[in-house]
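Colleague: Going line by line, the protein sequences match chains A and B.
If you read the first sequence in the numbering used here, its first letter stands for residue 168, the second for the next number, and so on.
If you read the second sequence in the numbering used here, its first letter stands for residue 456, the second for the next number, and so on.
No lab work stands behind these hints, which were simulated from the structure alone.
Between beta-carbon pairs, the in silico distance windows are:
(1) 613/B with 220/A: 33 to 39 Å
(2) 425/A with 543/B: 50 to 56 Å
(3) 418/A with 583/B: 19 to 25 Å
From the derived model, a few chain A residues whose C-beta atoms are all more than 12 Å from chain B:
(4) 235
(5) 310
(6) 312
(7) 326
(8) 348
(9) 377
(10) 392
(11) 429
(12) 431
Model, not experiment: these values are computed from the prediction.
Just so you know, even glycine gets a beta-carbon here, dropped at the ideal spot from N, CA and C.
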Amino acid sequence: MPLPTFDLHRPRSVAEAIALIDEDCVPYGGGTELLMAMRMGLMRPTGLVDLKRIPELGGIELGDGVLAIGAGASHDQIARHDLVATHAALLATAEQLVGNARVRAQGTIGGNICFAEPRSDVATVLVALDAALVLRSASGQRSVPAADFFLGPYWTVREPGELLVSVTIPLPAPTGVYVKFQTVERPTVAVAAVHRPDGAVRVVVGAVGELPTAADYADLGAVDADDLAARVEPVSDLTGSERYKRHVTQVIVRRAIAQLAEAS
Amino acid sequence: MTAEARVTVTADVNGVAVSEAVETRLTLAQFLRERLGLTGTKLSCEMQVCGVCSVLVDGEPVSACTYLAADVDGRRVETVEGLARGGALDPLQQSFVENFALQCGFCTPGFLMMATALLRRNPDPTEDDVKEYLDGNICRCTGYAPIVEAVLDAARRTKAADHG
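Hey, can you work out the whole structure from these sequences and the hints?
Modeller: Listed below in structure tokens is the structure:
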């Protein structure tokens with residue numbers, strides 16, 4: 168099916184991009200989600216604001232106690248970047264598992280987050296890492312914790328006039344594991360389990376429900392897989408019923424905890 | 456800075472300079488197949504899942520079904536038509552033939568382009584590396600084993616030739 172018609176804008180700076188975006192004229196990165204939604208008739212913007220020619224959005228750098236990743240960085244760039252491997256290895260691990268090699272080369276972290284597909288590998292890990300999402304608009308800039316950014320499937324706190332410019336991960340970042348069960352192109356259940364710098368253990372269960380579910384525990388022994396499986400709200404679909412997904416959640420949480428124990 | 460529903464695309468496609476005015480909504484797959492007549496790039500799922508439309512843009516693999524032709528402006532595109540040189544198959548193509556890595560052939564251009572990208576970034580891949588990199592490409596004929604073997608075989612031969 169052909170794409171609907173649209174105007175293509177190619178700003179060279181974040182300021183130019185912000186001046187263009189609104190409800191009908193939307194940010195466009197790799198297109199792996201947006202172009203699909205447009206072809207299916209789920210979105211019909213009058214204009215696309217191509218972010219790929221804005222150098223400021225592409226960088227990955229250390230600054231002021233955080234690892235800052237430009238919203239335009241591709242999954243593959245992040246998966247292979249030395250700074251990410253050194254300071255936030257868990258994110259590199261998850262990025263290497265996103266979609267397929269083409270989606271990783273085309274798709275950006277910013278697009279993934281802002282599209283808010285509930286089965287996003289990236290979202291689950293960003294919540295585990297206490298990442299923040301930096302949104303800029305004509306009236307200023309704000310930083311939103313990943314745990315507060317997502318409001319529901321395909322729905323975030325980002326206003327139509329705001330542009331996600333970067334993802335920041337506070338350092339030292341938690342270390343841990345990312346384990347998922349997947350039979351199609353996105354996970355059925357995804358679990359990030361990490362040791363936080365303060366010694367606590369955080370477990371985030373993603374993909375299974377509309378929003379990631381996070382829980383903090385004093386130590387590994389305190390993690391209760393059955394309780395977590397009871398707390399998630401699985402979305403029943405072609406990859407499984409609610410009951411089945413609850414069972415898989417409990418299994419994957421146990422596997423993640425076993426791997427985390429082995430790694431530490 | 457003006458917005459346009461039509462843009463000019465000037466690109467290097469398999470070493471040939473092309474310049475065409477296109478609608479912004481034209482996909483790279485449509486551009487290659489309908490405007491340039493390069494029908495080696497196939498279309499099937501049009502959801503970035505099956506891999507038959509895989510081509511390389513500046514060396515990176517993309518799904519031409521879900522990629523704007525406008526975005527190849529100023530860039531280098533490689534398709535399956537660009538692999539053979541002077542009538543001689545590329546080593547990877549030759550390896551696909553010798554390992555019976557195709558039957559109907561519909562998925563083959565996509566597998567060849569993905570394998571090309573893989574061997575450039577990792578000239579000496581393990582079997583797991585090959586499986587992981589090609590897991591976004593679907594083949595309904597071969598059962599995949601001959602494809603994986605063909606890629607490993609091409610890597611071995613290239614390595615032997617380099618040391619020969």
